[in-house]
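Enquirer: Take a look at the letters that make up each chain.
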Amino acid sequence: MGAEIKVKGFFTDATLCIGCKACEVACKEWNDVPGDGFTWTGRSYDNTAALGHSTWRHVKFIERMREGVPSWEFSSDVCKHCEHAGCLDACPTGSIVRTEFGGVFIQPDVCNGCGYCVVACPFGVVDRRPDDGRAFKCTFCYDRQKAGLEPACARACPTQSIQFGDLEELRLQASERVKTLEARGVTDAVVYDPRHTSVGGTHAIFLVRGDVRTFDLPLNPEVPTALLGRAWSAAALAAVLMLVGTWLVMGTGLFSAGLAQ
Amino acid sequence: MENGPVPLKPPVWTWEIPVYFYVGGASGAAAVIVAIAQLAGRDPAMINDARWIAAAGAALSPLLLISDLGRPSRFLNMLRVFKWRSPMSVGAWTLAVFSAAVFAALGFRLLDGSPTVALAADIAAALTGALLAVYTGVLIGVTAIPVWAKHAAVLPFHFGASSFGVAVSLLELAGYRTSSLNRLGIGAAAIETMLGMQMEWTRDRVARSIFAGTSGTLVRIGIWLSGPVPLVLRLTGAASTALRLAAALSMTLGSLATRFGWIGAGRRSATDRAAALGGDPA
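Going down the list, the sequences are from chains A and B. The first sequence begins at 1 in our numbering and counts up one residue at a time. The second sequence begins at 262 in our numbering and counts up one residue at a time.
For the record, the hints were derived by calculation from the structure and aren't laboratory data. All values derive from a computational prediction rather than experimental measurement. Some hints here could point you the wrong way.
[As the list claims (entries may be wrong)] Computed far set for chain A versus chain B, every beta-carbon distance over 10 Å:
| no. | residue |
| --- | --- |
| 1 | G52 |
| 2 | R134 |
| 3 | G201 |
[What the hints assert, rightly or not] Taking lysine-lysine and the BS3-like style, the derived pairs with C-alpha atoms no more than 30 Å apart in a straight line are:
| no. | chain 1 | residue 1 | chain 2 | residue 2 |
| --- | --- | --- | --- | --- |
| 4 | A | K6 | A | K28 |
| 5 | A | K179 | A | K28 |
| 6 | A | K28 | A | K146 |
| 7 | B | K344 | A | K179 |
| 8 | A | K6 | B | K344 |
| 9 | A | K179 | A | K6 |
Virtual Cβ for every residue (Gly too), placed ideally from N, Cα, C.
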C-alpha cells in the first residue's frame, strides 16, 4: 500500500469503431443489466436509442454526407464520469460517490430513488429504473477495476476503439491520435473532453470527426451546481423579503392608510 | 442535427412533487405569518389557526415526498448526510427542522409550556419556513433542464410569492379577513404580476419555452390567478367579502397551477435538443 492510485479513464475513438456492439453486450452481461427492449429508431442499426438505467454503453450510428461523399460512422457512448459531476452533487443521500479510480459510482444499497440525479446530468445518462426504483448508470466496472481488470466493454472491443487506462496517458494518446489522423489527411478529428466548462473535463473522453453535436455531445456541458450561487442568493433575498415584508405590514402597519378596509 | 436524440433525461417525479411544492411552501409561509404576527401582538385566534395550517403542511409534506421515492422504505437515507451542494439535501434537512419546530411550537402551547420556548420554536419555524417556501425554486433551478436552469434566479421569488399568497389566502378562507392580510396578499400578487411580465417579455428562446404546450398554458394560468387577478380584486374590492374570497381562491388555485405547470414544462424542456447541445445552429 502507499502507492497513489492514478485516475483512470476511457478513451473511445469513433474512427476505430465498427459498430459491432460487443461493448453493449459485454456491459450487460458482466453487470447483469436487465433488457430494456429495443426501439426501431430509424437511425441506421441503432435500436438501443440512448443511454439509460439499463443501457450503460450505447453505440451511435451516424449516417451523413461529408464533402459530397456518404459516410457511415460509429461511436460507443458511455457515462462521462465527469470531473465535476452533476449527479454526484445532486444526490441527497450520499449514494453517488467518487471511487478511488476517479469514477462516479452509485451505491445501490443507499439510493432511495429520489430521482434528483436524473435531472442533474447535462449528458442525460443516469435514470431511475421503474420496476426497481433506484437510479442506475455505468459503474465504470468498479468491481473489475478493484480486481485489477479493465472494464468489460474495453475488454470486449475487437478494434480497441475503447481504451482504458490512466486518464492523463489517454489524454496524450488522444492528441497523438489527432496528429496521426491529420498526417493521413483526416483534418476534422477532435477530442471531446470539455475542460473549458464547469464540468471541468470528463474521465471518459472521445475522438469524433466534425461537429461533436452530430454525436449528440453537448458543446458546452455545465454542471448544474455552477448555478448554486445565484440560485441561493435569490432564495435568501426572497426569504428575507418575505420576513421583512410581513413585519412591515403587521408590525409597523405599513400601507394601512388609504386602502379599503 | 435538428432532429435526433436529446442528451437529457426528463424528471421522473409524479403528482406528489408539485403538490408538495404547494403544501410545503404554504406551510412554511404560514409559519412566517405566525411568528411575525405573534411578535406584533396580533389576533391570537388567527395566529393559532396559522400554526395549525403550518403543522398540517409539516405532517403532509413528508408523506408526499416519501410516496414519490423509488424506494420509499429508504426515506431516512435523506438524513444520512448533509450536503450543501445538493439543494435536495438542504431541503430535506430544512423540512425536518421545520417540522420539529412547528410541532414543538404547537405542543408547548397545547401543554401550556414555557411561552419563551414556544416563541423560540415559532421563530425557528418561521426562519426554516421561509426557506421551505423558496428553496423549491432552487431545487428545480439548479438542474440540467434548460427551461428550469434558465430561471434559476427567478424561481425562488416566484415559488416564494406563490406560497406566501396561498398562506394568506387559506387564512382568509378560514374567516380572517383583516386589512393586514389583504396588504400581504397584495404584496404577493404584485410580485407574481411583475415576475409574470418579466417572463412574458423575455426574448430568450429557452426562457420563452416555459409557455409552450399544455404545461405552458398551466404556467400562464398560474401567473394570472396568482398575480393580476387577485391584485385587482384586492386593490378594489377588499371591503366585499365575495371579492376577497374570490381573490383568495384565485391565489390558491393559481399556486397549484404554477407548480404543475413548471414540472410539466421541465418534462417538455428535456426534449429540447438545441438547448441541450448548445451553440449556434449548425
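Enquirer: None of the hints should be skipped; say for each whether it holds.
Expert: Against the structure, the hints come out as follows:
1. G52: 7 Å, violated
2. R134: Since the minimum Cβ distance to chain B is about 6 Å, A/R134 lies within 10 Å and the statement is violated.
3. G201: 17 Å, holds
4. A/K6 to A/K28: 27 Å, holds
5. A/K179 to A/K28: 34 Å, violated
6. A/K28 to A/K146: Satisfied, since the Cα-Cα distance of roughly 19 Å is no more than 30 Å.
7. B/K344 to A/K179: 43 Å, violated
8. A/K6 to B/K344: 26 Å, holds
9. A/K179 to A/K6: 26 Å, holds
Checked against the numbered hints given earlier, the structure breaks hints 1, 2, 5, 7 and satisfies all the rest.
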